[in-house]
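Asker: Spelled out, the chains give:
There are 4 protein chains.
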Amino acid sequence: MCRWLAYSGTPVLLDTILYKPQHSLIDQSLHARMGVETTNGDGFGIGWYERHVDTPAIVREVGPAWNNRNLREISGHVCSPLFFAHIRASTGTAVQETNCHPFRHGRWMWMHNGAIAEFHRMRRELALAVDPGLFLDIEGSTDSEMMFFLALTFGLEKDPPAGVARMADFVERTGRDHGVEFPLQMTVAVTDGERLWAFRYSSQKASRTLFYSTRVDTLRALHPDVEFLREVSDETRLIVSEPLGGLPGAWQEVPESTYGVVQAGGDEIHPFVPQAA
Amino acid sequence: MCRWLAYSGTPVLLDTILYKPQHSLIDQSLHARMGVETTNGDGFGIGWYERHVDTPAIVREVGPAWNNRNLREISGHVCSPLFFAHIRASTGTAVQETNCHPFRHGRWMWMHNGAIAEFHRMRRELALAVDPGLFLDIEGSTDSEMMFFLALTFGLEKDPPAGVARMADFVERTGRDHGVEFPLQMTVAVTDGERLWAFRYSSQKASRTLFYSTRVDTLRALHPDVEFLREVSDETRLIVSEPLGGLPGAWQEVPESTYGVVQAGGDEIHPFVPQAA
Amino acid sequence: MCRWLAYSGTPVLLDTILYKPQHSLIDQSLHARMGVETTNGDGFGIGWYERHVDTPAIVREVGPAWNNRNLREISGHVCSPLFFAHIRASTGTAVQETNCHPFRHGRWMWMHNGAIAEFHRMRRELALAVDPGLFLDIEGSTDSEMMFFLALTFGLEKDPPAGVARMADFVERTGRDHGVEFPLQMTVAVTDGERLWAFRYSSQKASRTLFYSTRVDTLRALHPDVEFLREVSDETRLIVSEPLGGLPGAWQEVPESTYGVVQAGGDEIHPFVPQAA
Amino acid sequence: MCRWLAYSGTPVLLDTILYKPQHSLIDQSLHARMGVETTNGDGFGIGWYERHVDTPAIVREVGPAWNNRNLREISGHVCSPLFFAHIRASTGTAVQETNCHPFRHGRWMWMHNGAIAEFHRMRRELALAVDPGLFLDIEGSTDSEMMFFLALTFGLEKDPPAGVARMADFVERTGRDHGVEFPLQMTVAVTDGERLWAFRYSSQKASRTLFYSTRVDTLRALHPDVEFLREVSDETRLIVSEPLGGLPGAWQEVPESTYGVVQAGGDEIHPFVPQAA
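Chains as they are written, first to last, in my numbering: chain R, 1 to 277; chain P, 1001 to 1277; chain Y, 2001 to 2277; chain X, 3001 to 3277.
Don't read these hints as lab results, they were simulated from the structure.
These numbers come from a predicted model, not from an experiment.
Positions of the beta carbon are idealized from the N, C-alpha and C atoms, including for glycine.
Treat the hints with care, as some may be off.
Stated by the list, open to error - Here are the simulated lysine-lysine pairs, DSBU-like style, with alpha carbons at most 35 Å apart:
{"id": "1", "chain 1": "P", "residue 1": "K1205", "chain 2": "P", "residue 2": "K1020"}
{"id": "2", "chain 1": "P", "residue 1": "K1158", "chain 2": "P", "residue 2": "K1205"}
{"id": "3", "chain 1": "X", "residue 1": "K3205", "chain 2": "X", "residue 2": "K3158"}
{"id": "4", "chain 1": "X", "residue 1": "K3020", "chain 2": "X", "residue 2": "K3205"}
{"id": "5", "chain 1": "Y", "residue 1": "K2205", "chain 2": "Y", "residue 2": "K2158"}
{"id": "6", "chain 1": "P", "residue 1": "K1020", "chain 2": "X", "residue 2": "K3158"}
{"id": "7", "chain 1": "Y", "residue 1": "K2205", "chain 2": "R", "residue 2": "K20"}
{"id": "8", "chain 1": "Y", "residue 1": "K2020", "chain 2": "Y", "residue 2": "K2205"}
{"id": "9", "chain 1": "R", "residue 1": "K158", "chain 2": "R", "residue 2": "K205"}
{"id": "10", "chain 1": "X", "residue 1": "K3205", "chain 2": "P", "residue 2": "K1158"}
{"id": "11", "chain 1": "R", "residue 1": "K20", "chain 2": "R", "residue 2": "K205"}
{"id": "12", "chain 1": "Y", "residue 1": "K2205", "chain 2": "R", "residue 2": "K158"}
Stated by the list, open to error - With the C-beta cut set under 7 Å, the calculated list includes, among others, these residues of chain Y facing chain X:
{"id": "13", "residue": "T2098"}
{"id": "14", "residue": "R2104"}
{"id": "15", "residue": "H2105"}
{"id": "16", "residue": "H2178"}
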């Protein structure tokens, strides 16, 4: 499948998070430990917000992340308070930029790890459910982008948890109509540039791993010598498919069937249940 | 738009046709004369049949043809009796391999120059008309691939001119429903590996250029010193968006609203009229 | 050959300069007017300085600039006070990222339009003249990168005009030893992140075009309604292979055999004469 | 490092060898077992001879082999009696086509697994030893290509084992002059389109693995039901970095410090010892 990382907090150079940690996301592109596949070499993408521009920048390429010089250059020179990074292991759809994450719609970014089981059999039915005004903006052929456009159709921009819950319900119902027992497997991150939502869910209740970083003040007490922790605000938060290494106590597992919100004024965590539209 | 070339006849190394002529297709990728755009640098593709394999090979890349070394290598070492080559100038859809021509379905290959006017507005409606069993195989986002899948839906494999005529009619009716005066502009080549059909049509009756090569026996009489003409059979035929240079008398224009068939036992040319399915 | 652009002044989003002007550099990648080639589609590169990092970021790709989405994304979200952009038309060397400009050495960036005539014949001799400690850093196979490493060898970092003058002299002498009448053709931009030097020279005294922008205060008086001119400092300066369009009075030609310096405290322009090392 | 495969014998579709076997070379690009790296995703190349053309075709790309559709298309439609395939894991040099194997010089092809230790320190000295007339043809920046051009300089085309032995000696002497204890690590395949040589050697006498296929008549007796074995001549031979799976008894290890020749009239195997030029 894939691996991803979402950062929200004090503006940092992207490479502080993407390259410098032990077992970094870029390292995971070659040697993931918790994924279904150890190699995530079928393209990558980053998306970041910048002070002066409303919509995020999205840079995607079809080669592996581990040997990409442009990714390293950008990461070493771009600072951002909120960014996504994703490395892809294709489950069959074409390796092309429009199939790489994150996906964007206006101010919104979306990325996904997992799959819709037997997606090819229900692709047409799912596509028909997408709002016709949104349908035109589907550029690639992945289940992940389809999930994004379904969630947008179902109200993601007004109420993100509800939009995702309705998308999940619709995918599950459609899947079951096609005789698929466990249609959905997902960890998803979505943001509007201010708040960040992360979801962990699967029809089988055996979801891909997802972790969030321990509160910075707690970590700072545990690791008073780690310079990075002294430089970032208490509200800084990372969400990852698979822990970055080297900092004991740094990671908490997102529970099964749960979503979290990273936001000013206090993060929250809630149960996630698909719901009929 | 684009430029394309279709060859049928005595097996030749592809580069005999793709690189060696004056004003070759590869040269046209940089300096087309008759196209809407002089540069066709948004990807290319070749497709060829080989004796031992039923389905054609299709090689497509997203960069320009003129500087592609792999294209030159393949062209210099692959012999084929029937092949397509296409150079793309994107009209807006993503530059990715799945948007490059030729497109393939089983034994069939399809390539196109032109456009469906305001395609983005009717993309969903056209997609819905594609046979659900075929819909899954649509990989890209171009109007050209959609035209192919509509023609397949409308019986291309049984009766190619009828399949294309019904596709054209459906696109025109759909376009007019959306208030588009001239919905279709096309030159199309399609083959099953044995026969080759070429179509020139546009709703406005102002179609992109299309040419076929003069009969080889006539050309041989005109140019007794041209070695290539002595080596190929009388039935060898080329169809091109734009004449290759250097051989006076070599090219005949395909008339407006016409299609031709290249086949064993005698080529034919017929009027082309869209027809209701 | 190629087209390039160098910007120094008030920090701006790169796309303000790269995409928005009429006849922008990105437009020139498809339709250059003053170049030897009208199409510059054999790769591109940008390099920019950012407040927090000493060395410039360099992003290069092998496809055309005009259809590159990542270039547009970066340009729309990165602000910089000093940046280079280059679009390439290969004169034969491989189309690969390490042959795209700008080239970097520590804090320094270099880009070039032109050629060393019959470079292949003197490549080895020129390579041998490069300082052995620098030789290891040559990654590509172009004459342009070789010129940069020769200039570094001849003291570019201490005295840029002298380093370039000695490089030019060495190339000319080497060329003449090989019987080449006019060995060097160049417009070059080089910077250390603070000052910017631009050179126009050719052995034949028939150099590729080069232009610098008129003083901003003069332009502002001419065009009081142009918002961009009100937002940038008087010291803002652009140097380009070919004028961007739309602003009468905006461009001055760099005279033949001349170099200029863009720097705090007043720009300067001087004659350029190759000189023995 | 890398993995490679060389085939000589009855003409077959490339995919018979590259894709169809268990643990095929393409599978090894994602999951090598015996390599220093399990992933070989930094580019690939194939080279094949065709009846009508003297020089081999070489197709190379920078992405991973496992997801490359063009490689699969070519492999499924090209027949050849003698071909090379190589998948790369970069040891630091740029990921670009000119650094992918095989390398070509006239009729000759070369590919390599291994490394020159501390190559960057002796790159210039090795480059100077290359025949000036050959130097111009070096396009990339790898140790592997340099070894090829040194072997050519030292007489590869007249006496391949001697050319390689002199190259090895020169690299070892140069390395030791730079204080490198074990300068050379290599398995190499080289061919002129008729005969095929394979070398296994390292300064430390701990060379990368190399295997050749058991005689076809022996294998046929062991596996009378394997159709492929009934279709190929007795002289068909494969040499591989790592055994393809599924056929017990199919592979023999090339001994340490040894080279073999695959040729009409009987293959041979000999000790390999570097020798002064």
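Asker: Hint by hint, note whether the structure agrees.
Answerer: Hint by hint, here is what the structure shows:
{"no.": "1", "hint": "P:K1205 - P:K1020", "result": "holds (33 Å)"}
{"no.": "2", "hint": "P:K1158 - P:K1205", "result": "holds (27 Å)"}
{"no.": "3", "hint": "X:K3205 - X:K3158", "result": "holds (27 Å)"}
{"no.": "4", "hint": "X:K3020 - X:K3205", "result": "holds (33 Å)"}
{"no.": "5", "hint": "Y:K2205 - Y:K2158", "result": "holds (27 Å)"}
{"no.": "6", "hint": "P:K1020 - X:K3158", "result": "holds (33 Å)"}
{"no.": "7", "hint": "Y:K2205 - R:K20", "result": "violated (50 Å)"}
{"no.": "8", "hint": "Y:K2020 - Y:K2205", "result": "holds (33 Å)"}
{"no.": "9", "hint": "R:K158 - R:K205", "result": "holds (27 Å)"}
{"no.": "10", "hint": "X:K3205 - P:K1158", "result": "violated (65 Å)"}
{"no.": "11", "hint": "R:K20 - R:K205", "result": "holds (33 Å)"}
{"no.": "12", "hint": "Y:K2205 - R:K158", "result": "violated (65 Å)"}
{"no.": "13", "hint": "T2098", "result": "holds (5 Å)"}
{"no.": "14", "hint": "R2104", "result": "violated (14 Å)"}
{"no.": "15", "hint": "H2105", "result": "violated (15 Å)"}
{"no.": "16", "hint": "H2178", "result": "violated (12 Å)"}
Comparing the model with each earlier hint shows violations of hints 7, 10, 12, 14, 15 and 16; every other hint is respected.
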